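Two chains, two frames, some hints: make the complex.
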Amino acid sequence: MMAFDSLADFFAMGGYAFYVWTAYGISAVLIISNMWLALRGQQQVRGHIARQLRREQLLSEEQGE
Amino acid sequence: MVWNTLKRWYHQLGSPRYFYNFSSALLPWLWPLAVVTLVLGLVWGLLFAPTHYEQGDNYRIIFIHVPASSGALMGYMAMGVAGFVAVIWRMKMAEVMLKAIAPFGAALAAISLITGSLWGARTWGTYWQWDARMTSMLILLFMYVGVIALQNMIRDSRQAARAAGLLAMVGVINVVIVKYSVAWVQTLHQGATLKLVGESTIDPSMKWPLLIAMLGTWLLYAVNVLVRARSEVLWRERRSGWVRKLIGGKEQS
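Residue numbers (my numbering), protein chains in the order written: chain A, 1 to 65; chain B, 1 to 253.
Bound conformation, chain B alone (with noise of 0.2 Å):
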């Protein structure tokens, strides 16, 4: 029985029009919920939570870096994700995927290596080094542009789904050296104060914004993905009698 409900699950996600139809409902809520999470986060970091005693208030960078840092590893997991099942199932929902996801990253490791870059200017007296964890986001933000380049100069769409789809399953493999890196190798950056298991060392009035704006840049994000992804479909089933109807029955009188 749960066996069949799986199965259900997975063919009505594998299919665009259910996909489309699941987003309409989804979308009026999310978005809100999304920007009055992120503004709740960053207005309390910037304005209520305390000042550093060693960094001053420089330190409020934080609440755009580190929600910045974990929404581009996360995108780009999810991405591989999409490309393992592209390459291997050739999925059309993972091939859309693999679209939606890459630009908001891309973006979001912009946002990390330049906001990182402007805390450490002052913080560790330097902009740029090569440190394990920046190199790696920087190689990051490359396998993203990628992603994007590739499926932007292939003409057919599920060929450039396959080499999109391979380039993000290689480079999930730079995911884990970048999550673990500030262990594996004594550099410039910090090891984590933040985690998943057992106590966090940041002090709670700092942590709580953090943690609210990390989840209101990742509900932003699935936003993006979604918006994009519905562009994707419509375009990909334009031919499809659903999508005529949906277009074309607001033409019509």
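Just chain A, same shape as in the assembly (with noise of 0.2 Å):
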């Protein structure tokens, strides 16, 4: 089922295993890089927003005093 036959094999990748892992490895890195720094770009956003509202909110309550 399997195309390897042990972990070691597999690990192997036939002899190029520098090439394949290398290749995973930098994709791997770049896409969950890219998606984390979408997701927290979001955060900020939201973040930047709720500061303002909060802001505003601070100031119309003082001048309501």
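What the hints contain is simulated information worked out from the structure, not anything from laboratory work.
Be aware that one or more of the hints could be misleading.
As the list claims (entries may be wrong) - Pair ranges (Cβ atoms, derived):
#1 B/Arg238 <-> A/Ala17: 43 to 51 Å
#2 A/Asp5 <-> B/Leu40: 17 to 25 Å
#3 B/Trp29 <-> A/Gln52: 26 to 34 Å
#4 A/Phe11 <-> B/Val176: 39 to 47 Å
#5 B/Trp242 <-> A/Arg51: 13 to 21 Å
#6 A/Ser33 <-> B/Gly248: 25 to 33 Å
#7 B/Arg238 <-> A/Asp5: 56 to 64 Å
#8 A/Gln63 <-> B/Asn4: 25 to 33 Å
#9 B/Ser24 <-> A/Leu7: 25 to 33 Å
#10 A/Ser33 <-> B/Leu30: 15 to 23 Å
#11 A/Leu7 <-> B/Phe84: 18 to 26 Å
All figures in this text were calculated on a predicted structure; none of them were measured in a lab.
We treat Cβ as the ideally placed atom computed from N, Cα and C, and that holds for glycine.
If you want it as structure tokens, here you go:
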């Protein structure tokens, strides 16, 4: 079923370990960091808007008194 | 009747608020689907697909290289369309998409080049050559970076969208060249084995994990675009009532 007879064989990739794992590794880093940055950007925007709203609320409370 | 429906869809899709609500409903099931599909394709390709009779296990790079390449190309076409709509019709959501599509597309283009280089190192005996497809993908990467840079450098978001939109449109020509260069110019890169119509020449045991990995990559790209577009929408519409209620409503008791 599996193309490899053992875990060691799997990591060895028939002698091409360097090429295959570097390719998969760099790709994983780029994809994961890109996704993480996108999610963090969303967090930052939400936080910024929330803080601005709170500032406005405090201001209007101040002026209300 | 159909025309009125189409008109309604056009206006709805153009509305940032509608898009935000629509994507809120879409994301919770789209992102798990994307991850599962991609993982399925990659695990199948890495572990279960048979070893290649000529290239050994080196060929397994294909399960990232082809999905990344196809994703980068498709992303750029979509960005070109967004650029066109942004420049000609000044549609807000098109400007949003112009920003949202670029980053992941750039990542995919870079992955295409890096994985292709590593694959070719042993298969062709060289890490790089100025062949038609490789050079075109490199130019595509520069175009992506250019679209991103323009929008970061120009202060006014509407002007930025105009400039980036123009660059995106011009760059679409490059995508056409990449797609057909392999047929037009007999260079290092091999001809197409995956065909839309007719028999593909790749073995089924390799074809299916490849197609699944491609689908997973595209779905993940869509998730990335939605997340980025939502951020951009929230920011652009931050002064509007619905955003204030959405964000502020959580703060108030």
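Checked hints:
1. B/Arg238 <-> A/Ala17: 43 to 51 Å: holds (50 Å)
2. A/Asp5 <-> B/Leu40: 17 to 25 Å: The hint (17 to 25 Å, Cβ to Cβ) holds, given that A/Asp5 and B/Leu40 are roughly 23 Å apart.
3. B/Trp29 <-> A/Gln52: 26 to 34 Å: Check passed, 32 Å falls within 26 to 34 Å.
4. A/Phe11 <-> B/Val176: 39 to 47 Å: At 41 Å between Cβs, range holds.
5. B/Trp242 <-> A/Arg51: 13 to 21 Å: holds (19 Å)
6. A/Ser33 <-> B/Gly248: 25 to 33 Å: With a Cβ separation near 31 Å, A/Ser33 and B/Gly248 satisfy 25 to 33 Å, so the hint holds.
7. B/Arg238 <-> A/Asp5: 56 to 64 Å: Roughly 58 Å apart at Cβ, these two residues keep to the hinted range, so it holds.
8. A/Gln63 <-> B/Asn4: 25 to 33 Å: Check failed, 48 Å falls outside 25 to 33 Å.
9. B/Ser24 <-> A/Leu7: 25 to 33 Å: violated (42 Å)
10. A/Ser33 <-> B/Leu30: 15 to 23 Å: holds (20 Å)
11. A/Leu7 <-> B/Phe84: 18 to 26 Å: At 51 Å between Cβs, range violated.
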